[in-house]
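Asker: In case you want the letters, here they are:
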Amino acid sequence: MDREGGDVARMRIRELFGQQSYTAEEKAEIERYSAAVLGKGVRRCDCQDRYRDAVAEMYSVLKRNRQPLSDNNFNNDVMAQEKLYYMRKGVVIEWAHKYYTHINMTDEVARAYLAAHPKGVRYFEVVPASPAPKGGKKGGEPGPAAPEE
Amino acid sequence: MANCDVLIAQGIERNCSDPYVKGLEKLGYAFNREEVDFASIEFRSANELSSLPLKEGAKGYPLYQAGSQPFNGVTTTLEEGSVSVKANHELPVIIPDDSPEVSANFIDKMMSGGELLVVLENKYKKLADASNPGSSAFKVYGYHQGMVLSEGSLDKYSDDTDGGWTLTLAENGAPVSAMFLNAGSYSATKALLEATLTA
Numbered sequence: 002m003d004r005e006g007g008d009v010a011r012m013r014i015r016e017l018f019g020q021q022s023y024t025a026e027e028k029a030e031i032e033r034y035s036a037a038v039l040g041k042g043v044r045r046c047d048c049q050d051r052y053r054d055a056v057a058e059m060y061s062v063l064k065r066n067r068q069p070l071s072d073n074n075f076n077n078d079v080m081a082q083e084k085l086y087y088m089r090k091g092v093v094i095e096w097a098h099k100y101y102t103h104i105n106m107t108d109e110v111a112r113a114y115l116a117a118h119p120k121g122v123r124y125f126e127v128v129p130a131s132p133a134p135k136g137g138k139k140g141g142e143p144g145p146a147a148p149e150e
Numbered sequence: 011m012a013n014c015d016v017l018i019a020q021g022i023e024r025n026c027s028d029p030y031v032k033g034l035e036k037l038g039y040a041f042n043r044e045e046v047d048f049a050s051i052e053f054r055s056a057n058e059l060s061s062l063p064l065k066e067g068a069k070g071y072p073l074y075q076a077g078s079q080p081f082n083g084v085t086t087t088l089e090e091g092s093v094s095v096k097a098n099h100e101l102p103v104i105i106p107d108d109s110p111e112v113s114a115n116f117i118d119k120m121m122s123g124g125e126l127l128v129v130l131e132n133k134y135k136k137l138a139d140a141s142n143p144g145s146s147a148f149k150v151y152g153y154h155q156g157m158v159l160s161e162g163s164l165d166k167y168s169d170d171t172d173g174g175w176t177l178t179l180a181e182n183g184a185p186v187s188a189m190f191l192n193a194g195s196y197s198a199t200k201a202l203l204e205a206t207l208t209a
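Protein chains in written order, with this note's numbering: chain A, 2 to 150; chain B, 11 to 209.
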């Protein structure tokens, strides 16, 4: 997604976040944005809220990247900072005396953790196709969900 | 051992340093059982899960019970079968609501055969156990058979439900007396569960 496209997407996601229901066209749009922002499609289930959940997750990801969706920073290229590593829900990793879940895991921590604990990749839903570990921090601790490697 | 070890390996003694207390905390966690990634679950011990991985896109739902005795009526009974004794769990849930949303999204799904896995937080958490702190805090119901709707009612003038619904979820025939979720510490398990509530 190029810079201009990213700006449009950010504005649109904010609009969609404020809606309670979506048309068929909007659902198709959410599918496209989900693939671009989250690297995955909208969940496949007969759940009423799946599109709303996808929009909320995208909105949360953009906010988490410290690029709030306010009018005065639409020019920041948030899409370019899209996360590469996503933890699975229902697991927790302890690293450098902090707990990480899918909510607060960052690419930097994920790289360091996986460099030290390659088998911990099972706690991730999405990792880059060819992860290039860098900054593998020494002295971190494997998480309680990953006691044995 | 192919035929299973049936020798007890622990005595029953009074715990003076971390006295047992009754009751449950107000917030529980409900998961659609078919959205739990059982193939990826890891065990800390026979009756302890160390993680509760969900399938992609799935999330947990809060099960909040107000009042001074939340989840009052949660019981486990052991029942003799022809081969072995099985555990039956019963979990009453009060829903102080009567709305199209709660009917369509929760009650009707359960009426149609929905199966849940529910995690409740005990007031007794075993935090003083140096070797496995917090191991008693979070108990899993429905791991083996799923919690299904066994009965329910709506009494518009009930003081117990503020005129709302009361449902009873049940798991029958579980092969073990209890399952716990323990990600290594109370804080880790709490963080794991709270994170599942966010999409």
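Careful, some of the hints might be misleading.
What the hints assert, rightly or not - Derived BS3-like pairs (lysine-lysine); straight-line CA-CA distance at most 30 angstroms:
#1 B:K200 with B:K119
#2 B:K119 with A:K99
#3 B:K166 with A:K28
#4 B:K166 with A:K120
#5 B:K136 with B:K119
#6 A:K28 with B:K200
#7 A:K120 with B:K119
Claimed, not checked - Below, a sample of chain A positions facing chain B; criterion: calculated Cβ distance under 8 angstroms:
#8 R44
#9 Q49
#10 D54
#11 R89
#12 V93
#13 T107
#14 P129
No wet-lab data here; the hints were simulated from the structure.
C-beta: ideal position from N, C-alpha, C; glycine also.
Asker: So which hints don't hold here, by number, going up?
Answerer: Checked against the structure, the hints that fail are numbers 2, 3, 4, 5, 6, 7, 13, 14, while the rest are satisfied.
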